[in-house]
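In our numbering, the protein residues as written are 1005 to 1295.
Don't take every hint at face value.
[Stated by the list, open to error] The calculated EDC-like cross-link candidates involving lysine to aspartate or glutamate, where the alpha carbons are at most 20 Å apart (straight line), are:
| hint | residue 1 | residue 2 |
| --- | --- | --- |
| 1 | Lys1108 | Glu1053 |
| 2 | Lys1057 | Glu1200 |
| 3 | Lys1193 | Glu1053 |
| 4 | Lys1164 | Asp1284 |
| 5 | Lys1189 | Asp1039 |
| 6 | Lys1057 | Asp1284 |
| 7 | Lys1193 | Asp1055 |
| 8 | Lys1189 | Glu1054 |
| 9 | Lys1189 | Glu1200 |
| 10 | Lys1108 | Asp1055 |
| 11 | Lys1052 | Asp1039 |
| 12 | Lys1256 | Glu1025 |
| 13 | Lys1057 | Asp1039 |
| 14 | Lys1189 | Asp1284 |
| 15 | Lys1193 | Glu1025 |
| 16 | Lys1153 | Glu1025 |
| 17 | Lys1108 | Asp1039 |
| 18 | Lys1130 | Glu1196 |
| 19 | Lys1052 | Glu1196 |
| 20 | Lys1136 | Glu1196 |
| 21 | Lys1051 | Glu1109 |
| 22 | Lys1256 | Glu1053 |
| 23 | Lys1136 | Asp1055 |
| 24 | Lys1153 | Asp1284 |
| 25 | Lys1051 | Asp1039 |
| 26 | Lys1048 | Asp1284 |
| 27 | Lys1052 | Glu1109 |
| 28 | Lys1189 | Asp1055 |
FYI, nobody ran anything at the bench for these hints, they're computed from the structure.
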Amino acid sequence: MLFGALVYYFGSSFSHFLVAEFVWAIGASFISGADSAFVFDTLKLLKKEEDYKRVWSNVTAIAYFSGIVSSVFGGILASYNYSWTWLATSFSFMILLLVSFTLKEPKHSRKVSKIGYFRHSIESMKESFNNKNLLFLLTLFSLFSALAKISSFFYQPYMKASGINVVYFGVIWAVLNSIGMIASKFSHKVEEFLTERWSLWITIISFTLSLIFMSQIFLLFGLSFIMIQELARGFWPPVLSYYTHRHISSGKRATLLSIQSMFGSLVSAALMPLFGLIYDRFSMSVALFSL
1005 MLFGALVYYF GSSFSHFLVA EFVWAIGASF ISGADSAFVF DTLKLLKKEE DYKRVWSNVT
1065 AIAYFSGIVS SVFGGILASY NYSWTWLATS FSFMILLLVS FTLKEPKHSR KVSKIGYFRH
1125 SIESMKESFN NKNLLFLLTL FSLFSALAKI SSFFYQPYMK ASGINVVYFG VIWAVLNSIG
1185 MIASKFSHKV EEFLTERWSL WITIISFTLS LIFMSQIFLL FGLSFIMIQE LARGFWPPVL
1245 SYYTHRHISS GKRATLLSIQ SMFGSLVSAA LMPLFGLIYD RFSMSVALFS L
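The whole structure should be built from the sequences, with the hints applied where relevant.
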């Protein structure tokens, strides 16, 4: 991803953009699934796997906070020169690269499969199909991630349709990220209070209802529905990933989580044009209700 950011910075044509996107995607695919798997396996080795929800809640909250800070400073840099934002991004990834060299892989995760990656992936998928709870959680996480991503693309058009001046979009986005950060930070405590079953149901129902209300109400008050979605978006990943990790063996953890992420991305790629078409042919209201 560091090289992708550098290509963006030095690039000046559409072909450079394609190369940057391709390199960036390769970097993202290496991170996908490996990050949370690394944390869970490390905690499992230390006999502290029950702390995963708290630790990953903090990780997600920090990611939200980084998004808030970068959006503010990124806007300032972009006001002078758009390419400076990519230079700052490259510098950030350079720091992350140096930090990554200090990490130590859990010993029990070092068993390298001798059967080849393709067969290993097939075996990992078989494990998910043989475990109904795991299959349900992987499918649920993928679908929620895809729908949450699609719904976020409607935020700005919705705010514009609600009569909100564009000048306030950045401030509103910072507030939304702050809500997601708070939800992530305390998600483990809320989950312990609600229990697993109610955590899943309340998140699904609240997210669904917020989309329905958004499709019918285009007023400043409608921002409260987006806030509900950000609460769910911040609460969901730390909690659901913990449920998923409990059902996956260490040797197949990163592979299955990567497959889960890939499935979510494929669903997003397939549905985004469809909802875009619904928006263009009918209305935003119909598109949001369809979600």
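Hint by hint, here is what the structure shows:
Of the supplied pair hints, the one linking Lys1108 and Glu1053 holds, its CA atoms being roughly 17 Å apart against a limit of 20 Å. Proposed proximity of Lys1057 and Glu1200 is supported: the alpha carbons are some 12 Å apart, at most 20 Å. Our distance criterion of 20 Å between C-alpha atoms is met by Lys1193 and Glu1053, whose separation comes to about 16 Å. Pair hint Lys1164 plus Asp1284 holds up; C-alpha atoms about 16 Å apart against a cutoff of 20 Å.
The straight-line distance between the Cα atoms of Lys1189 and Asp1039 is roughly 18 Å, inside the 20 Å bound, and the hint therefore holds. Restraint check for Lys1057 and Asp1284: not satisfied, since their Cα atoms lie roughly 41 Å apart, outside the 20 Å limit. Of the pairs offered as hints, the one joining Lys1193 and Asp1055 holds, with about 11 Å between alpha carbons and a cut-off of 20 Å not exceeded. For the suggested pair Lys1189 and Glu1054, the alpha carbons sit about 16 Å apart, so the restraint of at most 20 Å is met.
At roughly 17 Å between alpha-carbon atoms, Lys1189 and Glu1200 fall within 20 Å of each other, so this suggested pair holds. A threshold of 20 Å between alpha carbons decides the hint, and for Lys1108 with Asp1055 the separation of about 19 Å falls inside it, so the pair holds. With a CA separation close to 17 Å, the supplied pair Lys1052 and Asp1039 stays within the 20 Å bound. Restraint check for Lys1256 and Glu1025: not satisfied, since their Cα atoms lie roughly 28 Å apart, outside the 20 Å limit.
For the hint pairing Lys1057 with Asp1039, the CA-to-CA distance comes to about 14 Å; that is within 20 Å, so the pair holds. For the given pair, Lys1189 sits about 38 Å from Asp1284 by alpha-carbon distance, which is inconsistent with the 20 Å threshold. The hinted pair formed by Lys1193 and Glu1025 fails the criterion: a straight-line CA distance of about 38 Å is larger than 20 Å. For the given pair, Lys1153 sits about 18 Å from Glu1025 by alpha-carbon distance, which is consistent with the 20 Å threshold.
A threshold of 20 Å between alpha carbons decides the hint, and for Lys1108 with Asp1039 the separation of about 13 Å falls inside it, so the pair holds. A threshold of 20 Å between alpha carbons decides the hint, and for Lys1130 with Glu1196 the separation of about 31 Å lies outside it, so the pair is violated. Straight-line distance between C-alpha atoms of Lys1052 and Glu1196 comes to about 17 Å, which keeps the hinted pair within the 20 Å bound. Taking the CA atoms of Lys1136 and Glu1196, the gap is near 23 Å; set against the 20 Å cutoff, the hint is violated.
Distance restraint check for Lys1051 and Glu1109: the Cα-Cα separation of roughly 15 Å lies within the 20 Å cut-off, and the hinted pair is therefore satisfied. Restraint check for Lys1256 and Glu1053: the C-alpha separation of about 17 Å stays at or below 20 Å, so the hint holds. Taking the CA atoms of Lys1136 and Asp1055, the gap is about 25 Å. The hint is violated against a cut of 20 Å. Restraint check: the Cα-Cα separation between Lys1153 and Asp1284 comes to about 19 Å, which is no more than 20 Å; the hinted pair holds.
Taking the CA atoms of Lys1051 and Asp1039, the gap is about 19 Å. The hint holds against a cut of 20 Å. A hinted pair counts as satisfied when its Cα atoms are at most 20 Å apart, and Lys1048 with Asp1284 does not qualify at roughly 49 Å. Distance restraint check for Lys1052 and Glu1109: the Cα-Cα separation of roughly 16 Å lies within the 20 Å cut-off, and the hinted pair is therefore satisfied. Among the hinted pairs, Lys1189 with Asp1055 is consistent with the structure: their alpha-carbon atoms are about 13 Å apart, no more than 20 Å.
Taken one by one, the earlier hints fail for this structure at numbers 6, 12, 14, 15, 18, 20, 23 and 26, listed in ascending order.
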